[in-house]
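Heads up: the protein sequence lines correspond to chains S and D, in order. Using our numbering, the first residue of the first sequence is number 1, and each one after it goes up by one. Using our numbering, the first residue of the second sequence is number 1, and each one after it goes up by one.
Hints listed in this document are in silico derivations from the structure and should not be mistaken for laboratory results. A portion of the hints provided could be inaccurate.
Stated by the list, open to error - Once the Cα atoms are required to be at most 30 angstroms apart in a straight line, the calculated DSBU-like pairs of lysine-lysine come out as:
id	chain 1	residue 1	chain 2	residue 2
1	D	Lys206	S	Lys206
2	S	Lys359	S	Lys253
3	S	Lys202	D	Lys253
4	S	Lys195	D	Lys74
5	D	Lys113	S	Lys43
6	S	Lys202	D	Lys83
7	D	Lys83	S	Lys74
8	S	Lys83	D	Lys202
9	S	Lys50	D	Lys206
10	D	Lys222	S	Lys195
11	S	Lys206	D	Lys50
What the hints assert, rightly or not - Stretch by stretch, here's where chain S covers chain D in the computed footprint (C-beta under 8 angstroms, at least three residues):
id	segment
12	7 to 13
13	59 to 72
14	227 to 233
15	367 to 380
16	395 to 405
17	437 to 451
18	471 to 484
None of the values given here were measured: they were computed from a predicted structure. For every residue, glycine included, the Cβ atom is placed at its ideal position computed from N, Cα and C.
2 protein chains.
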Amino acid sequence: MALDAYWASRASLIAEERSLRRDTAYIANLTESEKKAEEIIRKIRAREAKTVWSVEHEEIPALFPGMEFLTARKLIEETQLFKIFRKMPKGGLLHVHLDATVDTEVLFRIALKHSAIHVRVPGPLAADAAFRPLPEFWALPVSQFGIAADIASSDYVGGTWIPLREARDRCSLGAEVFDDWVIGSMRVNSTEAYKTHNSATKVWQKFFSTFVVSKVSLILFKPVYEEYVYEFLRSSIEDGIMYVEARIDFRFKTMIGDDGEDNVDHAQWVETFGQVTDRIMQELKEQGREDEFYRARIIYTAARFVSKEELEWYLEDCIALKQKFPHIIAGFDLIGDENMQHPLTYHAEPLLRFKERTKELGLDIPFIFHVGQTLGDGNCADQNLFDAILLGTKRIGHGFSMAKHPLLMKICRERGILLEVCPISNEILRLTSSMPMHPLPIFFNNGVPIALSSDDPAVFGNLILSYDYYQVLVSSEVSGLMTLAVTARDSIQFSTLEDSEKRELLQIWERRWKAFVEEICTLTP
Amino acid sequence: MALDAYWASRASLIAEERSLRRDTAYIANLTESEKKAEEIIRKIRAREAKTVWSVEHEEIPALFPGMEFLTARKLIEETQLFKIFRKMPKGGLLHVHLDATVDTEVLFRIALKHSAIHVRVPGPLAADAAFRPLPEFWALPVSQFGIAADIASSDYVGGTWIPLREARDRCSLGAEVFDDWVIGSMRVNSTEAYKTHNSATKVWQKFFSTFVVSKVSLILFKPVYEEYVYEFLRSSIEDGIMYVEARIDFRFKTMIGDDGEDNVDHAQWVETFGQVTDRIMQELKEQGREDEFYRARIIYTAARFVSKEELEWYLEDCIALKQKFPHIIAGFDLIGDENMQHPLTYHAEPLLRFKERTKELGLDIPFIFHVGQTLGDGNCADQNLFDAILLGTKRIGHGFSMAKHPLLMKICRERGILLEVCPISNEILRLTSSMPMHPLPIFFNNGVPIALSSDDPAVFGNLILSYDYYQVLVSSEVSGLMTLAVTARDSIQFSTLEDSEKRELLQIWERRWKAFVEEICTLTP
Chain S
1 MALDAYWASR ASLIAEERSL RRDTAYIANL TESEKKAEEI IRKIRAREAK
51 TVWSVEHEEI PALFPGMEFL TARKLIEETQ LFKIFRKMPK GGLLHVHLDA
101 TVDTEVLFRI ALKHSAIHVR VPGPLAADAA FRPLPEFWAL PVSQFGIAAD
151 IASSDYVGGT WIPLREARDR CSLGAEVFDD WVIGSMRVNS TEAYKTHNSA
201 TKVWQKFFST FVVSKVSLIL FKPVYEEYVY EFLRSSIEDG IMYVEARIDF
251 RFKTMIGDDG EDNVDHAQWV ETFGQVTDRI MQELKEQGRE DEFYRARIIY
301 TAARFVSKEE LEWYLEDCIA LKQKFPHIIA GFDLIGDENM QHPLTYHAEP
351 LLRFKERTKE LGLDIPFIFH VGQTLGDGNC ADQNLFDAIL LGTKRIGHGF
401 SMAKHPLLMK ICRERGILLE VCPISNEILR LTSSMPMHPL PIFFNNGVPI
451 ALSSDDPAVF GNLILSYDYY QVLVSSEVSG LMTLAVTARD SIQFSTLEDS
501 EKRELLQIWE RRWKAFVEEI CTLTP
Chain D
1 MALDAYWASR ASLIAEERSL RRDTAYIANL TESEKKAEEI IRKIRAREAK
51 TVWSVEHEEI PALFPGMEFL TARKLIEETQ LFKIFRKMPK GGLLHVHLDA
101 TVDTEVLFRI ALKHSAIHVR VPGPLAADAA FRPLPEFWAL PVSQFGIAAD
151 IASSDYVGGT WIPLREARDR CSLGAEVFDD WVIGSMRVNS TEAYKTHNSA
201 TKVWQKFFST FVVSKVSLIL FKPVYEEYVY EFLRSSIEDG IMYVEARIDF
251 RFKTMIGDDG EDNVDHAQWV ETFGQVTDRI MQELKEQGRE DEFYRARIIY
301 TAARFVSKEE LEWYLEDCIA LKQKFPHIIA GFDLIGDENM QHPLTYHAEP
351 LLRFKERTKE LGLDIPFIFH VGQTLGDGNC ADQNLFDAIL LGTKRIGHGF
401 SMAKHPLLMK ICRERGILLE VCPISNEILR LTSSMPMHPL PIFFNNGVPI
451 ALSSDDPAVF GNLILSYDYY QVLVSSEVSG LMTLAVTARD SIQFSTLEDS
501 EKRELLQIWE RRWKAFVEEI CTLTP
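Make a model of the complete structure from these sequences and hints.
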C-alpha cells in the first residue's frame with residue numbers, strides 16, 4: 001500500500017467510527033464563529049494542560065487533567081477554561097436530587113434562622129473529631145422548644161434537644177468546631193473519598209449519612225424547604241441552567257409545617273415547589289431576564305428498598321400528583337443503592353401495572369430510572385439496565401455500566417434514550433478514580449445521547465455544573481466545545497417538555513449560545 | 001405486558017447481547033463435569049467475596065474483590081480460588097517482556113554469583129533511603145575488575161566500580177539495606193503505585209527506571225541472560241503456561257559476553273534462547289512431562305522512540321533473524337511509552353515497506369503491536385489503534401483504549417485480532433484503579449478475542465499468571481471458569497504457531513483441562 005492510500009484509508013476509518021457520534025453532524029455545519037471558538041477553546045485547553053496540569057505541586061503528588069475533583073477544585077477554579085464555562089448556556093439540568101443541591105453552608109445559615117430547629121446527639125460532643133456522631137436535627141412546635149445548653153459539656157444529657165442557634169453559640173468547643181462538625185456531616189470530603197472510604201461500597205455509607213443529616217432533619221421543614229428550593233433554582237440560573245427536572249424524594253409522606261406539626265403532605269410539597277418557581281420566573285421577568293429560565297419540574301422518586309406492596313402506594317401517589325399538577329410532575333424514578341437494594345425485577349409487577357394505569361388514565365408519566373450506577377459486571381445493578389429498557393424508561397439516570405453493553409447502547413441510540421451522566425458524582429462515589437477513566441467517551445463514540453448533570457452537588461461540592469463540564473472537556477482530545485453544545489441541546493431535546501416547548505426553549509438556547517460563542521471569539525487563547 | 005411476557009423478553013434481550021461473547025458458544029456445549037466445576041468455582045467465589053473481601057481489615061481501609069493488587073496480594077494468596085487457579089493449564093503466554101520476567105530477588109542472586117558484575121553510584125550511598133540513586137551495574141572484563149570497598153562510606157569516590165558481591169558484603173549500611181535498595185530499584189512498590197506516583201504519567205517514570213537497572217546493566221550479560229531465560233521458562237511452566245511468545249528488546253545491538261567484551265550479537269541472543277528452550281524441553285521429556293511445555297518463541301521488539309531511519313536497521317535485523325531462526329522469530333513490535341514517543345503514523349513508511357519486503361521474501365513476520373495503552377481519548381496512543389489495524393496487526397498488545405472504539409472492536413471480532421490484556425500491569429501503571437474499573441468486560445461483551453498476560457511480572461510482582469486470572473475472575477458475575485477456559489484456548493488459537501501445531505497444542509491443553517476440571521469436581525465449595 002502506498003503512503004497516500006494509507007492516509008486515505010486511515011481518514012476514512014476514523015470518519016466511519018466518528019459517524020456514530022452525536023456531535024459529528026453538528027460539527028459538519030458550524031458557523032465561522034463556532035469554528036473559531038472551538039479552536040480557541042482547544043488552544044486554551046492545550047496550554048493549561050501544560051501550565052496547570054503538568055507542573056510539580058507542593059502538596060499534590062500527581063497533577064493531571066481530569067484528576068480527582070476534590071483535590072483539584074481550587075486549581076480548576078483558577079483556570080481560564082473554567083471561567084469561560086461558567087458563562088455557557090447549559091440547557092436543562094436533568095439529574096439532580098433536590099435535597100442535595102444547596103451549599104451546605106447556606107443550608108446551615110438558613111437553618112440557624114429558624115428558632116424551631118433543634119439539635120441533639122446521643123452524648124456530649126467529643127473534643128476529638130473522630131468520636132463525634134452525626135448531628136440530629138428536628139423542627140419542634142413552640143410548646144416543645146428546648147433550652148439553651150452546651151452540647152459539648154459533660155452535663156449535657158444525651159438525646160436532649162437544644163435550639164440550634166443556642167447550641168452553636170454555647171458550644172464550649174467553639175462555634176467554628178461546631179460549624180465544621182455540622183457542615184462536614186453533610187459533605188463527602190477528600191480524605192473520605194480518596195483515603196478512608198476509597199471504595200464504591202465504603203464511600204456510599206458516608207454519602208448516605210449526609211442525607212440522614214440534611215434531608216431528614218433540616219430540609220423536611222417547610223420554611224426551610226421553601227428557601228431551599230429558591231436558593232437551588234437561583235444558583236442554577238446563575239450557572240447558566242435554563243430548565244430543571246429535579247428529583248424529589250417522596251419517601252416520607254409528610255414534612256413539618258410552620259407550626260412544627262408533621263403534616264404537610266406531598267401535594268403541598270409540589271405546590272410550594274411550583275410557587276417558588278413562579279416567583280423566580282416573575283422576578284426574572286421584572287429584571288428583563290426571562291431568557292435565563294424556562295421552568296422547573298419534578299421527577300417523583302420513591303425508595304428502591306420499599307416492598308412492592310408499599311411501592312403501590314407511591315405509584316398511586318405519583319398518579320394523584322400528576323393529575324393535580326400535570327405541568328410539574330415530569331416522571332417517576334426509584335432511588336437508593338442499587339448494589340444493595342431491590343432490583344427492578346423485584347418491582348416489575350407494580351411498575352408494569354403503573355404503565356397500564358397511566359395509559360388508561362391518559363397520563364404521561366415516563367419512567368426515568370436510576371440504573372447501572374455500579375462497577376458490577378452482571379450484578380443486579382448492572383442487570384437493571386436491561387429492565388429499565390424493557391420497562392420503557394425515557395432516560396437513564398447514570399447508566400454508568402452501560403459501557404459494558406453494546407446492544408443496550410445501540411438501543412439507546414436508536415430509540416433515543418438519553419443517559420444522564422454525572423461525572424463528578426461518579427468519581428467521588430468511586431465508580432471511576434478520575435475522569436480519564438470514566439466511560440463517557442464510550443457513550444459518545446457509541447452515539448448514546450448524553451446530558452451532563454451534577455447529581456448531589458451539595459454533598460460533592462460540584463455546586464455549579466461548570467465543574468462537570470470542565471472535567472469532561474479536559475479529559476479528551478476528541479470532545480470539544482461542540483460536544484458540550486450537543487449535550488446541552490440534548491438536555492432540552494430529551495427533557496419531558498412538550499415538543500412545542502422544546503422548540504421554544506431551544507430557540508432561546510440558540511440565542512444565548514450565539515452570544516456565548518461570540519464572546520469566546522474575542523479571547524486570545 | 002403480562003409478567004410472563006416480560007420475563008421472556010428479558011431473557012431474550014440478555015441472550016441477544018451475550019451472543020457476541022466468545023464464551024457463549026463454549027458454554028452451550030459443556031460436559032457435565034465442566035458444568036459442575038463452573039458451579040463450584042462460582043460458589044467459592046461468592047463465599048470468598050464475603051469471607052475475604054467484605055470484612056474489616058486492620059491495615060487496609062477498604063477491601064473489595066479485584067482491589068489494588070499490591071495491597072491485596074497476600075490476601076489473594078490465601079484464597080482457595082487462587083490455589084485452584086495455580087493448577088489451571090493456561091495455554092500460551094502471549095504478552096511478556098523477557099527482561100521483566102524473573103523475580104528480582106532471583107535475578108539479584110544470579111548476579112551475585114558472577115564476579116564480573118560490578119556496581120557503582122555517583123556518590124556514597126546515603127543512609128536515608130529517599131536520597132539513594134539507582135544502582136548502576138556492569139559486567140567488566142577481568143583486566144578491569146575493581147576492588148572491594150564500602151559503597152556507603154564517605155571515602156567512596158562516586159563512579160568507582162566495585163565488584164557486586166564485595167559491595168554488598170562491605171556495605172556499612174548492612175547487607176539487608178543494600179539488598180532492599182537494589183531489589184526496590186527493579187520493582188514498583190505499593191507506595192509508589194498508589195501514593196507518590198499515582199498517575200499514569202508519574203508511575204511510568206518509576207516503571208521505566210526499573211528497566212534501566214535490571215535490563216541494561218544485569219540481563220545484557222550473556223551468562224546472566226542464559227540463566228535468566230531458563231528461570232523464566234521454568235517458572236512459567238510451573239504456573240501452567242504451556243507455550244510462550246516472549247518479547248525481547250533488541251534496542252541494544254550487542255550484549256556482554258562471558259569474557260566481558262560487549263560483542264554478543266542478536267543472532268547469538270536468539271540462538272541462546274533457542275538452546276535454553278531445547279534444554280528445558282529435553283529435561284521435561286526425561287521427566288515424562290513433555291505435555292507441560294510445547295515451545296517458546298520471540299517477538300522482536302524495537303524501540304518506538306528511534307527515528308524512522310534507525311527503524312529500518314531493526315526491521316532488516318528482524319528479517320535476517322527470521323531467515324536464520326524461522327521457528328523462533330514470531331513477529332515484530334515496537335515498545336516504549338506511546339503517550340510520549342513516536343506514534344505509528346511516524347513509522348508508517350518503513351513499516352509498510354517491511355510488509356512488502358517480507359512478502360517478497362516469503363517470510364511470515366506479523367506485526368503484533370503494542371497500542372492503545374493509554375487513558376487518552378483521541379491522543380496519539382489512542383489513535384495508534386487505527387494504525388495498528390490498518391497495518392494489519394495480527395494481535396494487539398494491551399489495546400486498553402479499544403473499549404472506546406466500537407468499530408475497531410467489531411473489526412477485531414470479525415477479523416480475529418486478539419487483544420493481549422494485562423490486567424495487573426494496567427492497574428499498577430494506573431490505567432485503571434482496580435479490576436472492577438477495567439474495560440475487560442467491555443472486550444468480552446463485544447466478542448473481542450482475549451488472552452490474559454502478565455506483561456512485566458518482575459516489576460509488578462505478578463510473578464505467576466494465576467494472579468491475573470484471579471483478579472479477572474473475582475471482578476465479574478458474568479465471567480466464570482469457562483470464560484477463562486476460552487481465553488486460555490484463544491491464547492493458543494491466536495498464537496503465531498502453524499495451524500497443525502495449534503491443533504496439536506490444543507489437544508494437549510484439552511487433556512490437561514479435563515484433568516483440571518475433574519480435580520475441581522472433587523472440591524467442596
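Numbered hints the structure breaks, given as an ascending list: Hints 1, 3, 5, 7, 10 and 14 are the ones this structure does not satisfy, whereas the remaining hints hold.
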